[in-house]
Amino acid sequence: MDPTVATAVAEAHRREYALVLAAAARITRDLSDAEDCAQDAFAQALSRWASQGVPTNPGAWLTTVARRRAMDLIRHHDKLRDRLPLLVEPDLVPPPDVTIDEAPDVPDDRLRLIFTCCHPALAPDARVALTLRLVCGLSTTDVARAFLVSEPTMAARITRAKKKIAAARIPYREPPAAELSERVDAVLDVVHLLFTTGHTAPAGDRLQRRELVEPAVHLARMLHDLLPDQPGPAGLLALILLTDARRHTRATADGQLILLADQDRSQWDRAETAEGIDLANIAMRHRPPTRYVLMAAIAAVHAKSADWNSTDWERIVRLYDTLIQAWPSPVVALNRAVAVSEARGPAAGLEALRPLNDDPQLVGYHYLAATRADFLRRLGRVDDARIAYHEALTFAQNTAERAFLEHRMRELGA
Amino acid sequence: MAEYVVFIYDDEQAWEAADPLTYESTLQSHKQFIAANGASIRGGNRLHPSNTATSLRTGSRGSVTVTDGAFTEAKEVIGGYYVIDAEDLDEALALARQIPAPFGGVEVRPVWSDS
Chain Y
51 MDPTVATAVA
61 EAHRREYALV
71 LAAAARITRD
81 LSDAEDCAQD
91 AFAQALSRWA
101 SQGVPTNPGA
111 WLTTVARRRA
121 MDLIRHHDKL
131 RDRLPLLVEP
141 DLVPPPDVTI
151 DEAPDVPDDR
161 LRLIFTCCHP
171 ALAPDARVAL
181 TLRLVCGLST
191 TDVARAFLVS
201 EPTMAARITR
211 AKKKIAAARI
221 PYREPPAAEL
231 SERVDAVLDV
241 VHLLFTTGHT
251 APAGDRLQRR
261 ELVEPAVHLA
271 RMLHDLLPDQ
281 PGPAGLLALI
291 LLTDARRHTR
301 ATADGQLILL
311 ADQDRSQWDR
321 AETAEGIDLA
331 NIAMRHRPPT
341 RYVLMAAIAA
351 VHAKSADWNS
361 TDWERIVRLY
371 DTLIQAWPSP
381 VVALNRAVAV
391 SEARGPAAGL
401 EALRPLNDDP
411 QLVGYHYLAA
421 TRADFLRRLG
431 RVDDARIAYH
441 EALTFAQNTA
451 ERAFLEHRMR
461 ELGA
Chain H
29 MAEYVVFIYD
39 DEQAWEAADP
49 LTYESTLQSH
59 KQFIAANGAS
69 IRGGNRLHPS
79 NTATSLRTGS
89 RGSVTVTDGA
99 FTEAKEVIGG
109 YYVIDAEDLD
119 EALALARQIP
129 APFGGVEVRP
139 VWSDS
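Protein sequence lines, in the order shown, are assigned to chains Y and H. With our numbering applied, the first sequence corresponds to residues 51 to 464, in that order. With our numbering applied, the second sequence corresponds to residues 29 to 143, in that order.
Just so you know, the hints here were simulated from the structure itself, not pulled from any lab data. Certain hints may be false.
Pairwise CB distance ranges (calculated) [claimed, not checked]: (1) H:V111 <-> Y:P410: 24 to 30 Å; (2) Y:A206 <-> H:T95: 30 to 36 Å; (3) H:Y51 <-> Y:I332: 36 to 42 Å; (4) Y:R452 <-> H:S91: 51 to 57 Å.
Which residues of chain H face chain Y? A partial, calculated answer using Cβ under 8 Å [said to hold, decoys possible]: (5) A30; (6) V33; (7) D116; (8) D118; (9) P138.
In silico contact screen, one side only, chain Y against chain H (beta carbon under 10 Å); selected entries [said to hold, decoys possible]: (10) H169; (11) K214; (12) R219; (13) Y222; (14) P226.
Yeah, the Cβ is synthetic: ideal placement off N, Cα and C, and Gly gets one too.
Pulled out of the complex, with its shape left as it was, chain H reads as follows (with noise of 0.2 Å):
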């Protein structure tokens, strides 16, 4: 078994003009999502917009610059997350599959295990 973080990608501004049925099914289908896989999600949540971010950016001397937003800027932000419990990849991605994200996508990455 292996673990995988799930991070949701979504266009903001497309969220922001999207009608309120939109959210509606999508938070639909996450509820469906977590009731039929509940046994591989090991967790996850729901993220603040990025408009609530603030970075801590190292700079070439050890010095850490604080900036308000997220750390790279892109039409698409991480918006939530689950983290999977999943025998290999494909099964991962049939997982990754069923998240919701109606203005962008999800990302699969596998965690670093030290066995």
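Bound conformation, chain Y alone (with noise of 0.2 Å):
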């Protein structure tokens, strides 16, 4: 096997699996067979480029080649031939001189897929992985492994999903203009729960997994790039870049986590910086900003702000309390109240924090114990902030957090 070839197919297969699989899916409509096709497009690139070298455009040559083989697939399926005239558009039969080079206009319709995927009438935990599967082209193998579940489970997760989508017939389509924002909210909570999982992995020997991040990443601009004009995905994205340009400095060489205060700044991807303020700064000309926008901008004030210290903090809590009218939750109720320490002082923290400490969905989110621990500290409360410290040590799975807790507390004192 030619190395550039398997090169440039699996580049094909990372970039373009979203583009051929809808393309094979509005023939087929049916996700399995779709998956069959693109599976069969990508088996004959590796032959063909290496005996014809790799087309121009890769995505054409794949998507032509799916929708060939839907066209077959359909012809020949019997318990589909009934349904047939329905599914057929004229224009969809490629004339059979045409070479696959050539093509002209590959419809793009990856955001029906993602639609589908993410049907608020989905489990969320099964649009996260249908997503990965069927958006991004991950195997079954490594969506299991991304969610550290068995591969018999995640692959029954899927089917499931599918069969979901067949007999309740969730459409193949783009939703209509009245509910689109509404969907398109969905699809951006799937997205930003695969980079917050991916970011900061919630148990696991690892602060990061880049096999949940760089899906994450490249289905936000995928969004964005197909909705240019919803602030939705570009806040997200905005969101998803600024926060991903730390991921150098988040830890040191052996796993200790840095925080966000303590954060070597020079270090942050430029590029991902830069092109996230400017993505938030256009996301925020849209009003009322939504969620993720504010996230976004919140994030981008940060990376404006040459350390810690200098940071805006006045500027931040007015941006959680438009958050907050946004997205009423007690976790930005609580990165609230960080903001608050910094602008004005910790005991002005632990105050704005008192409303979360009963609250039921913060029960056992060890973020809202090790930052009662933090202004307690910061306070002079030392056997109060032992306690807090406890607490969180009580909840927190993930290694590096939790040698990160350790570590502020032996600081304390015996």
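Quick one: dock chain against chain with the hints and give me the complex.
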């Protein structure tokens, strides 16, 4: 096997899988059949590109092959024959003599695919799994590994979701304008969940899981490309870029967690930071700003500050005030309390935290106890701080985060 | 086109405690729903309360036990249903949203089709 061909096919798989699958699905109207067609197109690419060279537009080549395969499939699928007149759009039949490299106007059905995978009628974990499998082209093995579940469990989850799509007839189309923003939000939530799960793994030995972060960045960028006029995707892409730009500064070489306050900002990824700030500015022009746009705006304030102390904390508090209106959540209130403590001191932070201590949604959320511990530590209330660190350690499961909390507790003295 | 059944679940105790205006406005909402979507509605009915239900449960050896009451014990029970036609789930959900269920909600289930 020519290594350049193998690389070209792998690269096309990573970049174009959604385009290829989505085009096949428009014809098969069945996601599993469409997956077979996409699979077949990539397999053909391996042999044909070796003999004929890599085409100038690999995505168009693969899409055309997958669509032809889909046409063959439904022609020969007896059980589907009665549905043929309904399904086949005349312009979809490629003329027999056209060479694949010349294939014109490949329809971009990626949005249909994304909206189907992220349909609110599917369970949230199924939406994430389907998106990784069908939009990003990850194998079931990789999706299972990313979510720390067994492969049979993940395979069953994906199969169940596909069955529901078929039985309940979850439509393969873009939502009507009236529902668009609500449905876009549902997609953004899936991508954001993917990113946060990868950015700070909820459990395990690694702080980050790049195998989740990278598809999340890819998806956010795809959404922004496909919906350039919507502020939500721009905001989410900005948030993800600005957060991911800090990836090399979040832990020491031996895996110790480094807080935002102590990170070496000169090591933040400049290209990601600059792009994130631009996108956040553009998205903030839409009124009223929505959840991810505001989160991006907050991240942008950090990105623009030379260090923690010179950060415009009052501006961050104001952004959090708006965010709580757009997205009432105790976790947002917790982050707001941190900003308050920086703008107005740890006592004010502790006061802002007070209503959260009894919030049922935050029971077992170790950041609450860790934040309280930090405020108490700064106020010199050593004994109270120690109790709070103990509480945080009861709930924290990520090894790097646990090590950080233990280190802070040791610093308090025995 | 596909067929869906929309089950209406409500808390019967809440209904008993409800004032007559709620009953009246719910009835009006049903009438409006039917008037606005006649072409998509294949059928539907209101049911007597669940204390009029009789359940037959199949035992391990195929024996059947007859019991008084709804099949599953839950706060919300089925109080009525519609059978609707819709192009896809989005259309079905758009219809289902218009069905009143002030003390519960509705469940949309696709009907098995053999074709």
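For this session: Identify every previously stated hint that the structure contradicts and give their numbers, smallest first.
Result: As far as the earlier hints go, 1, 3 and 6 are violated by this structure, in ascending order.
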